[in-house]
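Take these sequences, add in the hints, and give me the full structure.
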Amino acid sequence: MKRVMTMKRIHTSSKILSALYVVLLFTISTTTGCSYVSDAIEGVLTKRAGFSIDAYYDGDNVIVSWSESGSGNGFAGYEVYMTEEPDNEFADYIVVGARYGISLDDYFNSDSTLEYSHTLTFEHSSHPTTGVYFYRVGIISWEKIDADGDGEKDDYPPDEPDYYISTTSVSQISGSARVEL
Amino acid sequence: MRIHIHRVLQLLLLILIILTSAVPLFPEVYEASTLHNAVSRSETVLNLFYHRWGQMESREQYFDTYLKLNWVKDFNINTYNSGSDEYEPVEMTLVRTYSSMTVSFPLTGTYRGKNSRQRLEDGAAYIPPKVDEDTETRETLFNPRNLVFGFTATGFHYGLTRKAEIDRGSAGSTTVTDYKYTQFFDDIFAATLLYRPYFNIHGGIIINNQIEPNDDGTMDYTESAQMRKRYFVASNLFSFMDVNTAGIGDRMERFVFALHINPFVSLLFGDPGPLVPQLTITYRLLRLYNDEEYDAVWVQELPEDPVAGKSEEEKKEASLHTVSFLVTRTFAERAKFSLFIETQKPGKKLIDKRTDETLPFPVAREMYARADLDYFKQKDIDLLFSLGVSRFWDPAIPVHRESGQDYWIFGGFIGMSFNIPWCGIELKAIKNYSQELRKLTESADKLAFEGSLYIRF
Chain A
1 MKRVMTMKRI HTSSKILSAL YVVLLFTIST TTGCSYVSDA IEGVLTKRAG
51 FSIDAYYDGD NVIVSWSESG SGNGFAGYEV YMTEEPDNEF ADYIVVGARY
101 GISLDDYFNS DSTLEYSHTL TFEHSSHPTT GVYFYRVGII SWEKIDADGD
151 GEKDDYPPDE PDYYISTTSV SQISGSARVE L
Chain B
182 MRIHIHRVLQ LLLLILIILT SAVPLFPEVY EASTLHNAVS RSETVLNLFY
232 HRWGQMESRE QYFDTYLKLN WVKDFNINTY NSGSDEYEPV EMTLVRTYSS
282 MTVSFPLTGT YRGKNSRQRL EDGAAYIPPK VDEDTETRET LFNPRNLVFG
332 FTATGFHYGL TRKAEIDRGS AGSTTVTDYK YTQFFDDIFA ATLLYRPYFN
382 IHGGIIINNQ IEPNDDGTMD YTESAQMRKR YFVASNLFSF MDVNTAGIGD
432 RMERFVFALH INPFVSLLFG DPGPLVPQLT ITYRLLRLYN DEEYDAVWVQ
482 ELPEDPVAGK SEEEKKEASL HTVSFLVTRT FAERAKFSLF IETQKPGKKL
532 IDKRTDETLP FPVAREMYAR ADLDYFKQKD IDLLFSLGVS RFWDPAIPVH
582 RESGQDYWIF GGFIGMSFNI PWCGIELKAI KNYSQELRKL TESADKLAFE
632 GSLYIRF
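Protein chains in written order, with my numbering: chain A, 1 to 181; chain B, 182 to 638.
It is worth saying that the hints were derived from the structure and are not from the lab.
A few of these clues could be false.
[As the list claims (entries may be wrong)] The calculated DMTMM-like cross-link candidates involving lysine to aspartate or glutamate, where the alpha carbons are at most 20 Å apart (straight line), are: (1) A:Lys47 x B:Glu631; (2) A:Lys47 x B:Asp401; (3) B:Lys254 x A:Asp92; (4) B:Lys361 x A:Asp87; (5) A:Lys47 x B:Glu272; (6) B:Lys361 x A:Asp92.
Here is the structure:
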């Protein structure tokens, strides 16, 4: 009798597991087999603009603001970019704001507050005087290194300018915001 | 052997360089046609669905997930520049991403035999699952069974993107891509009932969704500009006959009837053996021409107002009827050759929008020949080198090609794939290959790169 009960329990457990298996696979298939997931994967590979920002000229500075914030130990700061030539939406971008002095360009402003994840505004004072320009914001991440010499790249580097230059990358980047100066 | 691989790779590289060098420096400004044609796009997503199910079914597997990323370069689009307040040609990339996942659940019954004929001779006899009461072990869920229920989600995304370079000063550089113009998302959600070896039947819904990206290059998946639902049913009988249909509401847009001659002959007279080429004959009806703005042709007559086009009342639709023949033959278990010829006939007179003259439809629509060579010649591991050449005819070809006015275009592809039982990868370089032009005529005279990855068991 005890053996029969054990077998029944096994069969009942097996049925429950089977049902869970079906539900799990159904859920996986509906979420991962759709066009939006493959587009999201391609978007990660090609660094698709992922969030919107605002930018305006207040008569003195260009004020760039955003609501997407970085987080975690890997967060290294924000960077702000501007089109390298006036009146061209499709021009390439140059960095105009970062926590360390990573550029010698006349339009670059070093701003130490960009290291904090709660900073969501940047005031660009060294901007061009006339023309239409476009701004973007990048969320910067540390790349892991082998700091303790154990052969594994599982440590974040020291928070110093040289490491910022050599071991950071853009993890997320915003869409563009138009500013008329 | 290393020398041989080296030579093959050199040859592939040489062909790739020739293909790449043929890309023109100043391509024409892009106009959409098949990209906006939901009937054509539904055909593409359905073909992927059938292809993945065919792979699973032939290998008697129960799980398949597939991802393909395809980039077509050199789309030069006349685009509004909000910085200069002018329109100008801007180079963009057409991104096509495909993903698919199928899970199936073997319900009941087991069978014997290596093929349909053997199984039918054995009566697909039910063999009770073994239960060893001493060890309390049972057959696993993945033992082959006659009756299988499956669920598939397959999706395609098509859309243009633009890339910008970002100079981070001494920290290096990076790039960003923006969505541009309408983005198309086509998804299939389907259920399948398979009863080996007698039949399978698929039924499902195709959701064609269009999303307009924001001006800043971002996009919200939830903000649909237009969404249409289509339905499809597909079946296969005794592994030799396919009947597929798809439509919207009560309007049928697609009908396919295919006969796989070798399984049919095998069923009646026994296996003709591996020396006999595999032959498949397919009849296809597609309601492809609908007097829409994106069509390259008018149906039956010109519009009363050539500038405004046809009003909703004036619009007519025309079907394209095709009959195709696919012959494949494998040599020495490692070289497979395929030859495909498709004939065509439109249901009504069609008028070319560019010339306002009746379109002279030739009999041949598509021809291709491809060769696949398996380097390893092992059962469980494939290293395939593939090469194909083709000729394709379509009314939209002269709209999208970079030079010339012909409706037909020659093309080809080179590729390689590596497969082991659980997974595989594939890389391809394509230019004007007919199988790609069927999916997207806009890719005429443009080089495309493609990477695929799948996992299955």
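>> Lys47 (chain A) and Glu631 (chain B) were given as a pair; does the straight-line alpha-carbon distance stay at or below 20 Å?
In response: OK: Lys47 (chain A) and Glu631 (chain B) at ~18 Å, within 20 Å.
> Within 20 Å, alpha carbon to alpha carbon, are Lys47 (chain A) and Glu272 (chain B)?
Replying inline: holds, 18 Å
> Given the hint that Lys254 (chain B) pairs with Asp92 (chain A), does the C-alpha gap stay at or below 20 Å?
Replying inline: holds, 19 Å
>> Checking one constraint from the list: CA of Lys361 (chain B) to CA of Asp92 (chain A), max 20 Å. Satisfied?
In response: holds, 16 Å
> Lys47 (chain A) and Asp401 (chain B): Cα distance at most 20 Å?
Replying inline: Measuring from Cα to Cα gives roughly 16 Å; hence the hint holds.
> Are the Cα atoms of Lys361 (chain B) and Asp87 (chain A) separated by 20 Å or less?
Replying inline: OK: Lys361 (chain B) and Asp87 (chain A) at ~19 Å, within 20 Å.
This entry satisfies every hint, going by the numbered hints stated previously.
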